[in-house]
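Fit chain B to the supplied structure of chain A, relying on the hints for placement.
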Amino acid sequence: MFSSQPNHARFLPLAQLHTLVAKLMQLAYQCLGPAVENGAIVMRELDAPDGLPRGLQAEQSPGRYRLTRDPLNRYFAWANGPQAIKPQAFAPKESLWRVERDDAGALQFAAVEAVAPAQAIIGVRACDLAALALQDAHFLSAGRRDAHYAKRRELLFLVAVQCAEPGATCFCASTGDGPTPTAGYDLALAELAEGFVAVAGSAKGGAVLDALNLSPATPQQIDAARQQGQAAAAAQTRSLPGRNLREALMSRLEHPRWDEVAARCLACGNCTAVCPTCFCHAEADEPALDGQSSRHERVWDSCFGESHGYLHGFNVRSDIRSRYRQWFTHKLATWHDQFGRSGCVGCGRCIAWCPVGIDLTEEVAALTAGVQP
Amino acid sequence: MSAPPAMDSGPPHAASVVARSQESPTIFTLKLRLDDAAAQAAYRFAPGQFNMLYLYGVGEVPISIMTDPEARDGIGHTIRAVGRVTRGLAALQPGDRVGLRGPFGRGWPLQEMGGRDVVLVTGGLGCAPAVSVIHYVLRRRERFGKLVIIQGVKHADDLIWREQYDRWAKLPDTQVLVAADEGAALWPWHVGRVTELFDLARFNPARAVAMMCGPEGMMRVTAEHLLARGLPESSLYLSMERNMQCAVGRCGHCQFGGAFVCRDGPVFNWGEAKTLLAHRGF
Chain A
1 MFSSQPNHAR FLPLAQLHTL VAKLMQLAYQ CLGPAVENGA IVMRELDAPD GLPRGLQAEQ
61 SPGRYRLTRD PLNRYFAWAN GPQAIKPQAF APKESLWRVE RDDAGALQFA AVEAVAPAQA
121 IIGVRACDLA ALALQDAHFL SAGRRDAHYA KRRELLFLVA VQCAEPGATC FCASTGDGPT
181 PTAGYDLALA ELAEGFVAVA GSAKGGAVLD ALNLSPATPQ QIDAARQQGQ AAAAAQTRSL
241 PGRNLREALM SRLEHPRWDE VAARCLACGN CTAVCPTCFC HAEADEPALD GQSSRHERVW
301 DSCFGESHGY LHGFNVRSDI RSRYRQWFTH KLATWHDQFG RSGCVGCGRC IAWCPVGIDL
361 TEEVAALTAG VQP
Chain B
1 MSAPPAMDSG PPHAASVVAR SQESPTIFTL KLRLDDAAAQ AAYRFAPGQF NMLYLYGVGE
61 VPISIMTDPE ARDGIGHTIR AVGRVTRGLA ALQPGDRVGL RGPFGRGWPL QEMGGRDVVL
121 VTGGLGCAPA VSVIHYVLRR RERFGKLVII QGVKHADDLI WREQYDRWAK LPDTQVLVAA
181 DEGAALWPWH VGRVTELFDL ARFNPARAVA MMCGPEGMMR VTAEHLLARG LPESSLYLSM
241 ERNMQCAVGR CGHCQFGGAF VCRDGPVFNW GEAKTLLAHR GF
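These protein sequences, in sequence, are chains A and B.
The opening residue of the first sequence carries number 1 in the working numbering; numbering runs sequentially from there.
The opening residue of the second sequence carries number 1 in the working numbering; numbering runs sequentially from there.
By construction, these hints were calculated from the structure, which means they are not laboratory data.
These figures come from a predicted structure and were not determined experimentally.
Every residue, glycine too, gets a C-beta built ideally from N, C-alpha and C.
Accuracy of the hints is not assured; some may be wrong.
So the derived list for chain A, only partly shown, Cβ under 8 Å to chain B, looks like this [claimed, not checked]:
| no. | residue |
| --- | --- |
| 1 | Pro92 |
| 2 | Lys93 |
| 3 | Ser95 |
| 4 | Gly105 |
| 5 | Ala282 |
| 6 | Glu283 |
| 7 | Leu311 |
| 8 | Arg325 |
| 9 | Thr334 |
| 10 | Asp337 |
Only chain A is shown next, with the shape it has when bound in the complex (with noise of 0.2 Å):
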């Protein structure tokens, strides 16, 4: 977010937070922004300008995440809640098609479009703008693109709030995708004792910062909210070995550790259903009563379900070592295959949001202890 260019950052005072949610209001978005929902922040829609909560802190370890208070009482200082842009852009629910019946017989389909509000989502981090920037490779790529993901997507204002306060399960500095945003927001902030670095990373990021008359960031404020990216990042306590793991995983397909790991895994998805990048969805009919019609629906889907591998009478995956080491291998390995990457951001949800605490950095560790990444 900090580049050479001149006058491209902001200084948008503590007191002034309010005038650009106001300002994203007034532009007709829906405002979501951090909310406590069950002891976690979740995203949820802002009622008033000056609604964004104060002096909350994620303490986060395997399977357990708390809030906890911010001494400096900052607007960001939370690392993550379990779910960020991604149910915003690709649904948790929605109908692909109908289709109506006749008397007699006959079939009549067609497609549902997507309903989508113009949301502006605040607080959102560098992972999850990496993890969206993959959603947009799978959902829009050339040739086969979605049109319910398309529509919400291109509605979607991005805030990105720079992490000053990494989790510890946070490792999105051994991932290269944070903890500073870098791309792919359209605006983005650093929040410092008197207030926000802000920089504008589209043409209608831009022209919101423009509106709301702010005097630039002095070199200082640049250079604060840079420094206290690069700590951010020393912060961090967990990392993977490498960007890379393809090789070393794929080789190591039939490894001791996956029995190990089977023996702790509940197979229960919470992983899949809080990391940013996974993209699995099933797809189901709900006929209505009256017989008349029905709705194809999706709806996310997990790797650990035991329907995912089914395949006309057994499972193609029916013991949680094969599940695992599918999800596993395809979010470190074959991901380089589909995308060129990792589809790993380092964002940690699948460590602190896992009920028996199993931690994708400890099994990568024991996977490939000995390879030279």
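Chain B only, in chain A's frame:
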């Protein structure tokens, strides 16, 4: 490889059952025609590709197309009644309606087959994706060398299209080898493993193209045998099956390593698939 036609990820086309035949107690064939005449006239596919068939109010299943691309009496699908959708499809009669999306995926390597011996090794209902290519070769017989059809079934009663195999066996330059693990009265073919028939197959490995379809264990053993006979790996193809729900490489169920079987397959060259096929559970 034959170039896949444009993919259709929108809603299905309405289609009608024009003919239904029972092939075995659980296996049946539906011939379908798209209700929209223009869509039917424009419908093209390559052998080895598949359609998504939709049963009203229940859901979709991927089914290979078993008819010849130039046949005009309906788009044929041979189906085993095994799940919710296929058991429902089994109850349909001529005139009943379904939805059809497709065709999808990459079919058999028709271009490469020209002038060469064609060897097909299939197991169980695996013959359905391969039967379209058999029809394709037989209709254009002069373009190909020897045709070798090797089919294995668990039980003699599982062999469908028995008269067809008898008929094919009488054609010149065509060899039919059938085996059942368990025989039955009046079973004219081999009793035992289909692999026991491999040595009888007459073809020139240096100028053959081989295609396999069926259980993965059978295909692994077959590949070993064919490669040992001198067939180059690049001449060996297989058709794969995985759970498929979207058919356009989006829903993720059919991922086999980095490949989406629905889009990058279902037909693969052996070299593309062999590494992961050696491991159970991908």
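Outcome of the hint check:
1. Pro92: violated (14 Å)
2. Lys93: violated (14 Å)
3. Ser95: Hint on serine 95/A: violated, closest Cβ of chain B at ~11 Å, above 8 Å.
4. Gly105: holds (5 Å)
5. Ala282: OK, holds: alanine 282/A within 8 Å of chain B, min 6 Å.
6. Glu283: holds (4 Å)
7. Leu311: Constraint on leucine 311/A satisfied, holds at 6 Å.
8. Arg325: This interface hint holds because 7 Å falls under the 8 Å limit.
9. Thr334: holds (4 Å)
10. Asp337: Aspartate 337/A check passes; min Cβ-Cβ to chain B is 3 Å, inside 8 Å.
The structure fails to meet hints 1, 2, 3 from the earlier list, while all remaining hints are met.
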